[in-house]
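Assembling the complex is the task here: the two chains are given apart, and the hints tell you how they should meet.
In order, the protein sequences belong to chains U and E. First residue of the first sequence: 0, per numbering that gives the first Met the number 0; consecutive thereafter. First residue of the second sequence: 0, per numbering that gives the first Met the number 0; consecutive thereafter.
Mixed in with the good hints there might be a few duds.
[Unchecked claim] Chain U is faced by these chain E residues, among others (derived, beta-carbon under 8 Å):
1. 107
2. 109
3. 111
4. 113
No lab work stands behind these hints, which were simulated from the structure alone. Using N, Cα and C, we set each Cβ at its ideal position, and we do this for glycine too.
Each chain, written out:
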Amino acid sequence: MLRAFAPVPVVELSSKERIQAIFAARDKLYVGLASGALKVYSVSPSTGSSSAPTTSPPEPAKLVTTIDQFTKRAVEQLAVLEEARVLVALSDGYVYLYDLDTYALQERLHRTKGAFVMATSSDLEFDKPFVALSSDGSLPNPSAADIQGTVSRLVVSARKKLHCYEWQGAELIGSREISIPERPRSLTFIRPDKILCGLVVEYFLVDISASTVSSVFAAGRPVGPLNGAIAGVAANIGDITSSASASARRQGCALAALLPEDDSVLLVNEFSSAFLSAETGGFIKTKKPIKWKDVPAMLGYTYPYVISVAANSKRLEVRSPKTYTVLEAINFPTLAHLHDGRYPFVASSRQIWQLSIKSFEEQVRILVDQNQLDEAISLAEGLDDVFITDRTEMLRKLKMMKAEELYMRMKFQQSMMMFSEVSAPPERVLALYPAVIAGDAARKDDDVGEATEGHKQDETEADNNGTSDIAPLVNGKDKTDGDAASVASTNPDAQRQKDVEFFDRFLRPSILSSTKPPNGVVAKYTSSGADTMSVADSLANFLSIGKNSRITAPSEAASVSDFGGPESLDGKALNKAVRCLLIYLIDTRRKIARLASVESGTITKEDLELVSTEKMTAATFGADLGKEATIVDTALLRCYMLINPQLVGPLVRLPNHCDKDVVRQQLLSHDKPTELVDFYYTKKLHRDALELLKELGDSRQLSELSGPEPIVEYLQKLGQEHINLVFEFATGPIRMDEQYGIDIFMANTPEAESLSRTAVVKYLSGISRSLTIKYLEHLVFSLGDLSPDFHNELAVAYLEDIKTNAQLYSLDDDMLQRPLDKLLRLLRESRQYRPERILSVIPRDSSLLLEAKAILFSRIGEHKRALEIYVFNMKDYSKAQEYCMNVYDTDAPNNKTVFHTLLELYLRPPGIRVTLSNRMAPSRRSSNSSSMYNLSASPPPPPPSLLLQKSPSSSSLSSMPSYEVPAMNLDAALDLLSNHGSRVSAIDALELLPSDIKMTALGPFLEAHLRTTTASVTRDRLFASLLKTELVRTQQALVDLRSRNIVISDTRVCPVCVKRLGSSVISVFPNRTVVHYGCAKQYRETLKQ
Amino acid sequence: MSSRKKTMLKVIILGDSGVGKTSLMQQYVSKKFSNQYKATIGADFLTKQDVRVDDRTVTMQLWDTAGQERFQSLGVAFYRGADCCVLVYDVNNAKSFEALDSWRDEFLIQASPRDPESFPFVVLGNKIDVEESKRVVSQKRALAFCQAKGNIPYFETSAKEAINVDQAFEVIARNALIQEESEEYSSDFSDPINIHLDNERGGCEC
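If we strip away everything but chain E, and leave its shape as in the complex, we get (with noise of 0.2 Å):
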């Protein structure tokens, strides 16, 4: 394999409502951020050309989707093929971190990747720019649960402030890289000509 290789990378973002998926994305492809809250509805996709890891170029595919129960519908298209999973929480929303464990099992069910202990996850505590008062997810707690679930990569990051955005987003996608080409050699569902199965029956020919 060519290592010039441009690669798509299926990136999915995962969260409760309103704990800043949306945000995340839009600074980290368009260095923007908006105030306004306005819900997410069914899921959107935004790319980012012309990522850089390590020696590669790769184009990063990001799917923002719904946290509201309501606006959610993704179909089994939307998780397959894809190369990495982040989940988000607000540090300020306790309710938002005991939910990423439900998040994450729904992805493992959804997307059902052939080896869900490798797949890679990785965590953003969000919103961090608010004042420390408010915060209640501790650093630790939220350390604890991603080294429980095999050493997740967590990053504190504020969309609004454009902090530990960049940082994080490249861990994703060199753990999606990585991912990508694992795939590669047990491509999932495509498996369109399946030559041992004629084999398997037709014996020696001589």
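Chain U with its partners taken away, still in its complex shape (with noise of 0.2 Å):
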């Protein structure tokens, strides 16, 4: 049972006199007595005191006067209107002001003769409802402005009519009389300027200032509860003696009382009730009519409670503000009045009783202490936040005590929606679980079960005492053999640690000021003995108050005891438990996944708040929301293991926190290997999947995960930034199957691209240089690398190839022939290798890269040097033409002098120019040589080749060298002559050709010079002749132009705006027209048309 209220006796009259209205304001308590004497008391207010959590002492009232004669008679009813400084009573028929000072009796107002009951109200009491009650219970002084324009109102029912008088301030302003049809019993105001009346049967709604009544059940909405009780009330009404509160004078009639939280009003009639509506007067039908165990007598509310006294008058019922159950039922003798509002009192005909409100806090902790969370919950979700510090907060945590109920009762799924929706930190909730899902968070607990086992005993009594919900099980666990009992610890002892963090930020600051973190808490418990029983007994002190009090259901406490802890949980049970758990981490997952993009900048706050209706923060589940992610995802994982594990493979796939070490063991125990690979991946954790991948891949269990194509295939994803990894796991494969390699290096995807391909290079050179022919040509040809490196590398690579293959395969084998062919097409298609660097590399005695060389002394503009392999190391001659053709080039001057060039080496080959008068006769090599490869030296003596010098004999090609003076070539000279003699010019050719050279020989050169040298004369005549005639025509057609002219006069107008033209701009047209230039658009556009 809630202690919301003390009753403290504050006022014992002496048997004589007898209480007839009480009214308490502020820090006075009016008492009128029978015998028509007030006497005026001073009271301290002790309400909702949130600073002092024990009850003060009880403070007997100080008379501060007595007035025998106020009244002629009985004292009726007594109110205060505190702005007006009026004090009224209403006696003998008549209402009386007083003044509220001297208590000097102002005026009787004549007007309410028969006057049977009144109400006071002022704007400031529903202007601010309850704010008013601070911390520390007292009133705040409302300012001088404020009571200025305060209107306050008294309300009179007399006979059959409403008399209404307002004050401003402390003036009188108006008064007004409002007919109704029948005498009021009660009055209760319900807005500034609108009051309910209670009639016998029924209730009327008056507004003041509209001076209009409106029955309430003629609105044509009748409630069937009120509407039951109507016909048996009207006999009950004579027999009431005394009057009840400040607004309603005779019991057991038709009672009204507001209740601000939902702007409601509850109307009480016999056992019957109903809500309506403060706002519309329409009765809300949503609310449950309370059930009533005796007929009210009396109703009041004094926030947040209705209390009521019961018809037999000696029991005050406090009821919850959502529920409206009975939360606390305090004994009296017979009461006879009672004052609700902020001040609540109660009184018999001679005591009168404070009645003090405790703490919200306190009232919270005790409900919690009694096991009636439901109600704990209710209070303080109807709480204003005010009452509170941080209602938010402890509202959350007294929902997690629920949630931990619901759980140990079995309600797996409604705890868990709590739990979610109140956003609770994950250990908190896995700790009700066994070691199988909560992993570390359960074995933590298990530590300090063990720890705290010596202690176990001592503590019992503190147990009882000190916790809360969980109570049941402790006592429970006592009851039973020690075994089962250190089974069972582990639990409670969390539960009871948080309990005491709960306690500690709530309710007891003064003792532990400090916020400890739950681990300083948990080390109180272990550490040692003295200060876990300093912890334990404070607080069992603490809760002294609720230790008799204890109410458990009966049937919570059984189904309780049969939960053994979370270990005991197996079977369907386990597997239902776990499912529902899974709300909860699902949820949870999702709203740190928010929190945590919130933190990383990828959404706003803002954005948060928008679409999400939870408040939450990161500490709402822990400091470190990585841990908390981490503890989360783990266990989802370790769920999904033991009921689903089709879903592990989605959960690891995604971003995840789970923990890397738990995954691993989980998923291998379950031989869930290409999860667990998946799992890295999402991790970034390519080391360990590649190093499970390779251990899988050797071993000779045969798995989805055998052989190196998971490796390749784990490798084909990564990018540059693992490129050291990828060249680590890709020698394996590489070595298996240089397929491999090409599908790692040259897939066409992102990641293979991103490659850094300098590094690839270098490190596929160091296991297989055709692989690495294959990634240059693939760079190089496939991908257009544009780079020199790369082509450089590729023409050496093949090269080394060619090195290789030809001590290995005859000359006409494709193994030679291909590479040989390849390089030949690199040199001649690619502009980008540097030729200085590949001729360095080719043995300059190799027959077989003869024409590579060719190509390459082209390219660095060594004509002369390429033509001489061509006519003397090949004697292809045909080539060499071929070769001048294509490089001839009339604007480039060194590459203008080719054929010269060509036809020196005939005529004058290098080597024999010193001894050309000796050797005046010429070769007798044709151009028919058989081998275009013939080996033959440079004219210096070159060294001998590398390739020579390893194996001489191994090529068939390699002939014996040959030191042959080469001679000169006449007939080729001539031959050239002949078809490009035109390219050459005439004197340097007959210069160059040996003296005796026959006529008849040269007749082909000379003619074709003739013919050319002809030919370009009579065309440049024909050009000279062409362009004279072209002069004159121009030269004509400017005389025409300038003969062209008009004229101005003043009288010529213009044809389009037919103005004169005056000295304006003028535009003149083809057909001598003339007008205005800007003029000119709109004629162009008549001429068109």
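See the structure below:
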């Protein structure tokens, strides 16, 4: 049972005196006696104090003054209009006004003859309904300005009329009368200017400003229970002797109370009740009527409770603001008076009790202590924030405790929904589960349990007082044997620790002023017995109020004690509990992810608030969001492992925070290596993944991950940032099959293309030349890489290949021919390589590479050397000619003379220049030389080539070196001259030709040369004549144009605007029309038409 | 079970931002299309009444979701009880296609269906009305993906031109109905009274 109110007896009168009316205002208590005397007491307000958790000792009210002849007859009702400084008394069928300070009679309101009941109100009460109750319980004094503008009202019911008086500030500003069909028995203000009149069986709503009266029932919405009760009410009225509260004077009639929380009015008539909306005056059908055990005789409202006195007048009932169940019942001797509102008092005919309200924190705590979590939650939910420090957080804790209780009762789903609702920290939720799910969260509690084992017996007493919702569990445990207790001890320990936290945080700021981190509290429990006791003791002392009044619902106790702790869950129950845990985990995972994206800046706080109804911060879950995320995700993994392993895949593939070690252990033990690899990939733990794959790939066991393919597939997903890993793990598969290398490095994927090409080339060249060549070809030909290095590398690689293969294969073997062709293709097509560098690598005397060399020389502009190779080494004159034709370019000085160079080579071979005079005879060597690959020496005797030194006899192509000196090649020279004579200067050619040459031999050359020259002369002449003609024509046209003119006279007008042209800017058209320049456009258009 | 029973099917539509989830839904339910882009905030749903699936009449509740991360806030309740999940991508946007796998995984985690393998998904490649040269995800690639994920039905749609939309949703409805019926026997979370728990310790009464 809640103890929200502590009745403190404040006044006790002598047996002769009889209390007829009470009214409390601020620190004064006004008591009207049957004798007509008034007693004024001063009382200390003790409402809603949060700073004083323990009840202050009863303080009797001090009698301030007694006025014996206050009224002639008994004082029937009292009221104070604070702002108007008026004390109002109803006596002898009249209403009297007294000065509030001197208690001197000011006026008897004559018109109120037959006054029966009255009610007062002031705007202030409605403006600031309850904020006024500050933490120290005192009412802040309204400022003078407030009072000046405040309208206070007094409504008196006399016969079938309502007399309404209004004060503005201290000034009576008016009165009016409103007729009503019946005499009201109770009056309740529901708005500053609206009053609800309770008749015998009816209620009327009176709007004072508008002077309208309307029946509540006549609105056409009768309420069942009230209607049924109407018939029997009338008889009850007569036997009631005392007046009730400020508003209702007669018991048993229609009662009403305004409930400001939801702005409704509670109507009570006999056993029946209904709720009326104060706003609209209509019934609220959604609120269930209160079930009364006894007919309420007096009704009132003291924030946040509905209070009532039963008809037998001996019990005050306090009802919860949401559920209206009886939270507290206080027994009194016969009660006759109830004063509600801010200063609740009750009185019998001789005694007055002040109802001192305990702090709401304490009230909540008492409810918790009594295992009435639902009521505690409902109370905390109903309260305004100003009454409880950090109400939201308190509510959250309460709900977590409730959720734990639900869990203990195996209501897993509700429990998890509630945890989810309040965004409970994952550790706390997981502590409820066995280690198979909770993992570390459960183990940690085991440790605590073992450590505190020694103190357990000592603490049992404290437990009984100190624990709240799990108290029955602890009790049940103590009755069982020790083994069971030690098994189950983990949970209560964890539980208690949290409760200590809870109480520390909310209820004992003075004892443990600094907020201790949870670990600190655990440490207190584990480190030393003395410490443990001190915390537990103080807690026990503190909580001792609730010790005797503990009420435990028997059914709950039974079901709770059935639950033997997390480890006892198994089979279906565990499965179900875990399935329900998913609700919480998934929701929490989502929330943490949202918070994390706020922290990382992906989304803004506004976005978060825009779409989430939950108010949460990182601190809601625990200080370290990352850690909480790990706990949640790891638990989720364990859950899936247990009940739905198929979902593990999706979990590990998504961004997650699962604990690496747990995942490994779980997935390997459940034979899910693929998922583990996926997990490593998601978490970028590539080395772990690859090592695992390697291990699995190497193992004899046949599985889905056997062989090198999985590694290759994995490597394909890695980009530049993991290039070293790629190299490290690619070697194995490549050594097995080079095709894997192609798959890894040459795949058409963004990852493969992101790899540094230089690094890959370097890596591959250490492994396999053929793979290097493939890769370089891929770069150069497929991807069109233009960096010279790769072209160089490729050329060099080809050369190497040729060098190796030349020793193994014959010339016409494909193995040799293919790289050779490729090399030539590269050298011809690519413009990127550095010819000098390639030349330096080519062995000088390699007969295989003569053409390559020629191409290279050509590239560096050494046409002479290139031609030397064709002429002397290859003796392929047609190729030499072809070469010249390709290179010849009249615009490039270096290339213009290429034919001349060739001619020179034919006629004055470099080696024989000196001996020319001695050896005039032309070479007998003909162009039909047997092999173009005949090895021959360059003019200066070369050093023996590498190729030849290694295996001079292995190559079928290398014949014995011949050091024959090249002779003049007249045939070839003449052939050249006759074909391309025009491209060689005739004078140069004749100079080069031996003087003894026959003219007939020169015939074709000279003829061709003359013909070309003549043609050129003719062409130039023709061209000159044509140009001359053109010149004449142009001059003629110029003369014509110059001769054209028009005359602008004063009278000449523009045909468009018909204004004089004057000296304006004009346009002259070919038809000699003259218009203004500005009119030209218009004229052009008319011409077009 | 009566074949005339009215059934409510819950369908969830997921996919990257701007692929046309809302448009597809609008086109199917109200035969409308708007060129204006308006990001969905949180989630929204439309109901399509009287959908005929063979001899049954069902009501489809289509849940449209925010593709943009900043507007996503779907609680567990949103996913719970879903009968079919529609994954949408834009055939002209490779990233939206690549994200399908994540959307599928995310859905499986959030909804945690009892039997993930058999849970019906449908993949829609939207915006095929855009000129062919802009298309980056080929039908072949999409089909390969659907094949690999357990033969997910695949449709190429255009919410703008109303191409294939009705056909796709017909399959969605049919698959959702099958799922709904199978779920009825193993309802997921709602298991308020578990009689077995009490019986287990009771033992034989005699």
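Hints, verified against the model:
no., hint, verdict
1, 107, "holds, 4 Å"
2, 109, "holds, 6 Å"
3, 111, "holds, 5 Å"
4, 113, "holds, 7 Å"
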